[in-house]
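Top line first, the protein sequences correspond to chains A and B.
With the first letter of the first sequence counted as 1, position 97 gets the number 783 in the working numbering; the numbers rise by one all the way through.
With the first letter of the second sequence counted as 1, position 201 gets the number 887 in the working numbering; the numbers rise by one all the way through.
Be aware that a few hints might be false.
Note that identical chains are pooled: a pair holds if it fits in a single copy or bridges any two copies.
In silico DSS-like cross-links for lysine-lysine, where the CA-CA straight-line distance does not exceed 27 angstroms [to be verified]:
1. Lys1010 x Lys994
2. Lys951 x Lys898
3. Lys828 x Lys948
4. Lys828 x Lys951
5. Lys747 x Lys951
6. Lys775 x Lys921
7. Lys828 x Lys921
8. Lys948 x Lys898
9. Lys864 x Lys841
10. Lys732 x Lys775
11. Lys776 x Lys921
12. Lys921 x Lys864
13. Lys864 x Lys828
Bear in mind the hints are in silico, worked out from the structure with no lab data behind them.
There are 2 protein chains.
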Amino acid sequence: MTELEDQVNNLEVKDDDDVIDPWTVVGKSATGIDYDKVIKKFGSQKIDSELIARFEEVTGKKAHHYLKRGIFFSHRDLHNILNLYESGKKFYLYTGRGPSSETMHIGHLVPFLFTKWLQDVFDVPLIIQLTDDEKVLWRDLKVEDARQMAFNNAKDIIAMGFDPANTFMFNDLDFIGKCPEFYQNMLRVQKCVTFNQVKGIFGFGDSDIIGKITFPSIEATPAFSTSFPFIFDGKIVPCLVPCAIDQDPYFRMTRDVAARLKLPKPALVHASFLPALQGAQHKMSASDPNASIFLSDTPKQIKSKINKYAFSGGRATVEEHREKGGDADVDISFKYLTFFLEDCDRLAEIRAAYESGQLLTGELKQIAIETITPIIRDYQARRSKVTDEILQQFFALRKLNF
Amino acid sequence: MTELEDQVNNLEVKDDDDVIDPWTVVGKSATGIDYDKVIKKFGSQKIDSELIARFEEVTGKKAHHYLKRGIFFSHRDLHNILNLYESGKKFYLYTGRGPSSETMHIGHLVPFLFTKWLQDVFDVPLIIQLTDDEKVLWRDLKVEDARQMAFNNAKDIIAMGFDPANTFMFNDLDFIGKCPEFYQNMLRVQKCVTFNQVKGIFGFGDSDIIGKITFPSIEATPAFSTSFPFIFDGKIVPCLVPCAIDQDPYFRMTRDVAARLKLPKPALVHASFLPALQGAQHKMSASDPNASIFLSDTPKQIKSKINKYAFSGGRATVEEHREKGGDADVDISFKYLTFFLEDCDRLAEIRAAYESGQLLTGELKQIAIETITPIIRDYQARRSKVTDEILQQFFALRKLNF
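Chain A extracted, bound-state conformation:
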């Protein structure tokens, strides 16, 4: 090894932390992001078997496989939410999405499907924010185009099966101009946070536009129930935020602000990322069509993408595979099954068969294709029925079942 190679290797060792922030997610290992390390770094709590048991006990429902398989792996104050539910007190769910022009992909299903499940389990109101203003600030995008993207994405989200009687959706570019209480809470948040703080949390610098610098206040504000007087009638109601782990910085800030405003800190449950087809180092990203399975893909496209691109943990030859077995921990088809195959016994069988060499890569891919294709087919059937009128139902400022 040359001295230079040695130095570079040392550099790599020093730089082997996964990168996770609202703009970048990169894992350094073939098995993907080390989520235990993320928990330690972010200072959140692991969702362990004890918490899952309590969840089942309090709700009387079997835990979602996302919880059991560590797909929603981390939380902040989830115990508080269970305490509230146990004592018959109210809370609400808040989640969101930064709209994009690309079609949503199967990775986007994860937090929303789990949020819908939480809504079903707890029977609580849900608020979904579409941060089209964020996209204007971060991209070369006009206000009108960002709004249109928000409306399209809203339809994509509605198709995941949310209940209009208990779900309020809004896009910032229209809603902030329709609700003085929301703006007033934005301002309260903006009064509690310094440039130094957003610099530390988000890495903003002096040459960043002032819109970016103040944007975190806009993602924080829906975590306070008084921002939605038409739903909560001015009452202070705690909230639970299901979100991907990369959004945690916003809510670390929000929780600090909540303490200063003497409002309840939002509780959080954190999702891990669905990996890209090419491997677990990267999350699935809509900007790379060959890395993603889109919610608009045909069965043929799904089949072709998985067969062609899904990184395999199989061996070089059938003989070697039969002898040594496949590596399920780096195999993307298997990873997708952990997300989308609900039957835990079947999943365990598949893992055993793959690791023993009994199941070949092609066969595993076939199972993934057969699992994902009907989910997307059903989704597309629901999506085709989401009209402008249905969108308006979700966007109307109104009371919810509360």
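Put chain B on the given structure of chain A with help from the hints.
Quick look at chain B alone, frame taken from chain A:
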């Protein structure tokens, strides 16, 4: 002189610039702020006799004594506004106020009376912004209290005689949540301005709250007609901003942004400051009751304050005064007459009589009292008639005479 004294004196010489920004106004000379220096420093244009002549020619009206006496002393692009008027094209006026809990004082009359005069001369719509959100950010003040201050101040402003058919008033804390187009323009502004820029223009630092950092976008936004679709129906209409010179930094920024957004740059006319009773180094400030004549003062209070506190340019003894004459340029009673005594011939006579020693300080003070008292009395009569219903007329989102 010791070496130290020498050094300090040198420091003072280096530091002899007047300080003018949105938060501080201090003149270094007894005659007050050197406004010619301010023009040079800010890069604005002097309102000279040529411009005043053109103003009279184009409008067919005699120039306001504020123009002739250099009280409105500086401008940006006022010629453009005269060109528009000359060719029958439309523009609008935009001014504002950061509401405060204290009663407004006679210094506050100056920009508003001139704005009203401009509105009468040009017959154009006027928009008045009350930045109650600014006060929440800068002071230890709750949202509810800031809103109440805005409504009280709005009544004080209405009493200056504005026409409800052509004047729209709003407070940020309510209006931003009622007009999506306003928020969308705020965002467009926020996208054009970096932290470095607001740092340079306003002196913000890393430990400032993000609300302050983004606030300039909120004062900029009303300068764009598309922020008020209910008035301008989405049309791009230029605007003229009458304001005190300390607000110019906001509009230097706004003009830069306008260029980037390909919108008309707001034109400006800048007011000088009415001095405090104690002397021309300081502007009148509501936070010091002994330095200010309030719009709520009784005739007795006005008389007592002027007699007691108004800094005199007179001599130590009657004999000396008769012999050498008074100094009108530092005399506060005389300064107030330049603001409030409309008759130019009479003002010239008073100056001559005072400077020749014929008119004594007590007599000059008496003239000031007799000039200001009826103005405040008439104002108070109008103020007592401004009801909540009248306020609502000004605040209603509606078309104006346009």
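Here is how each hint holds up against the structure:
no. : hint             : result
1   : Lys1010 x Lys994 : within (23 angstroms within a copy, 101 angstroms between copies)
2   : Lys951 x Lys898  : both (23 angstroms within a copy, 24 angstroms between copies)
3   : Lys828 x Lys948  : between (37 angstroms within a copy, 14 angstroms between copies)
4   : Lys828 x Lys951  : between (34 angstroms within a copy, 21 angstroms between copies)
5   : Lys747 x Lys951  : within (26 angstroms within a copy, 62 angstroms between copies)
6   : Lys775 x Lys921  : within (13 angstroms within a copy, 50 angstroms between copies)
7   : Lys828 x Lys921  : between (36 angstroms within a copy, 18 angstroms between copies)
8   : Lys948 x Lys898  : both (26 angstroms within a copy, 22 angstroms between copies)
9   : Lys864 x Lys841  : both (21 angstroms within a copy, 25 angstroms between copies)
10  : Lys732 x Lys775  : within (25 angstroms within a copy, 66 angstroms between copies)
11  : Lys776 x Lys921  : within (11 angstroms within a copy, 47 angstroms between copies)
12  : Lys921 x Lys864  : both (19 angstroms within a copy, 21 angstroms between copies)
13  : Lys864 x Lys828  : both (20 angstroms within a copy, 21 angstroms between copies)
In terms of the numbered hints stated before, the structure departs from none.
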